[in-house]
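Peer 1: Once you've looked at the hints, dock chain B against the given chain A.
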Amino acid sequence: MVSFQTIVILCLVCWSTAFSGEFSGELSFEPRGYFHEGAHENSDRVDLSIIIQPEYVIAWDEDRKVFTFEPFVRYSSLDNKRSHVDIRELSFLGSWDLIELRVGISKVFWGVTESQHLVDVINQTDLVESPDGEDKLGQPMINIAYVNEFGNFEIFLLPYFRERTFSGIDGRFRGSPVVNMETASYLSGNGNNHLDAAFRWSHYMDELDWALSYFEGTDREPRLYKNADGTTLKPVYGQARQASLEIQYTISDWLLKAEVLSKHSDLNGNYWASVTGFEYTFANIHRGMDVGFLYEYLYDDRKELAGSGLDNATFLGSRVALNDENGFELLIGTIFDHQTGRMNNAFLESTRRINENWKWTLEGNFLVSPRSGSFLEQVKHDDYLQASLSFFW
Amino acid sequence: MKLFQLNIILALVVFSFSGTGAMGQETVPKEERGLWVARQIDREDEGFVNQVSEATMTLRNKQGQESIRRMTIKSLEVDGDGDKSLTIFSSPRDVKGTAFLSFTHALEPDDQWLFLPALKRVKRISSNNKSGPFMGSEFAYEDISSQEVEKYSYEYIREESVMGSEGHVIERVPVDPKSGYTKQVVWVDGANWRVGKIEFYDRKGEKLKTLNFEDYKQYSNKKWRSSRMEMTNHQSGKSTQLIWSNIKFEQDLTERDFDQNALKRAR
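Same order as they appear, the protein sequences are chains A and B. Here the first sequence stands for residues 0 to 392, numbered as in numbering that gives the first Met the number 0. Here the second sequence stands for residues 0 to 266, numbered as in numbering that gives the first Met the number 0.
Hint data in this document are derived by calculation from the structure and do not stem from the laboratory.
Some chain A residues close to chain B (C-beta under 10 Å, calculated; not the full set):
#, residue
1, 56
2, 92
3, 107
4, 111
5, 206
6, 249
7, 323
8, 324
9, 325
10, 392
Using 27 Å as the maximum straight-line C-alpha spacing, the simulated DSS-like pairs for lysine-lysine come out as follows:
#, chain 1, residue 1, chain 2, residue 2
11, B, 221, B, 196
12, A, 64, B, 122
13, B, 95, B, 122
14, B, 237, B, 61
15, B, 182, B, 29
16, A, 106, A, 64
17, A, 64, B, 95
18, A, 106, B, 95
19, A, 80, A, 106
20, B, 119, A, 80
21, B, 119, A, 64
22, B, 177, B, 122
23, B, 216, B, 247
24, B, 61, B, 206
25, B, 216, B, 196
26, B, 61, B, 196
27, B, 237, B, 95
28, A, 302, A, 225
29, A, 106, B, 122
30, A, 106, B, 119
31, B, 61, B, 203
32, A, 302, A, 379
33, A, 64, B, 247
34, B, 196, B, 182
From chain B, some residues computed to sit far from chain A (all C-beta separations above 12 Å):
#, residue
35, 35
36, 168
37, 216
Ideal Cβ positions, reconstructed from N, Cα and C, are used throughout, including at glycine.
Excised from the complex, chain A in its bound form:
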């Protein structure tokens, strides 16, 4: 009789010989210093973080079938809520002739603009990672795409909802009082098991790329209400329906971009929002150096109720890429609030490779004069500078 152990060993041997997996990843040391004590008794000014993000990939059939496992761990010395673990990716992605299928925990990006990812709705924001909202939590999904000469037609079924992460009592980028994630509640009777769904059509023709999307399900953006004890906030997730459009026109050195969102949510009613703008690059101006300029206008129909202070704002930015052997890049940007006529904040991000495996990144965010009543005003003492060192293998 063949023992269970033998079967397991045989399976592992077959597995490892049939597929050649690849193990890679990133380890980062991320010291961050805040210029001031926080406004809400979060007075510590140093956050020493370590991030580990390994990735294991098995690809076969000319890369038409890919299995990916990518866990994520952050340890933060400042905020125990910022210390967290997530599975960014645990998925199978397969391609058969005109069909693509993705099953598992994964990440999907929608959008064309840089200052705000307005239409990007599939994954929840991992807000403790970065106040810019660009980091996302892994989302369980079934995603089927049908590809033909009229473009890419996709269906997403999202069976489990991920809650947004919020800073803890010692953390930065939070308002007052602190959000207690344990008290989260849902307007849907199914709670976080509501089956969310989305449909997307994307295509391109010559210099024009576009995508039309529709989403119906749990609103990724909670509303925060005071808990009965008055000392914490309670995130409440309603249901939402939204339609969105993304367009990019790529003509010579110009990228013309627009994202438009029309949304109905239980908690915010009907509204629409947009980001429109361009990116112009002076390419190869000296020894391969590119200098780009970015302009985007942000509008939100809810005006002040949007709470972001970005409902009538302009983003201006510049990107410098040396295109040298170290891949030096610098991005600086600022957001002007048209309502107050003042600068909300400014930020910079710069990276340079040290060698094959190491790279440093410098990042800063400076809050200048955010509008009163906006979220940015609550975090206006949270200016920081961060110099991180990353090892890639």
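Peer 2: Using the frame of chain A, we list chain B on its own:
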């Protein structure tokens, strides 16, 4: 007897075919001879169907410091249009998983998309920056993109021995004003239409770079490929060596392996 006749016929056919090369060249008027050479190179490469290969670039600066770039390049021949290609980077490790999709066109601008693995974002990028350096190397984007005949105007310079056989030297001038070059001088062998050397002249008309093609190998589908390319920048003193390995032709690849979904799957 029959066999003998067949042999004669075959011999005649072969003779007349091999004759067209030399005959063709003589009948081509002098002012069209440069274009004629370019067409021979292009025709010789026709029918490669698709190609998968691994490339290693070694960048060397003036002080002799080296850095490495590794990538897998897949390309697909497209009837009546430029080739499609998918480049997947594996080194340096911080750009691992970054992938670049390009649809080349003869005269229209190329369509290009970049996949950024950290954000899982596909970004349409401008193909206008053809004169910029590819991954910090001495190769410009326009040096590594598919060489369509229509991208240049040609002039025949002289006959010269190239790679040990009778060859040709032609001059080609990029049609696109966005090109980083005023002209390129190309050495071609007349027997197999392999490019042996290219000299690049910058916008000021000064000699900028020389690209040498070494270690040509002939593959089972009769196509010749250089295994080692050496690009030297005469003005900066930097150089880049490009080594090709694992070159495979006629793989099981379709247009679907060269679209935005494939870009997201690329490893």
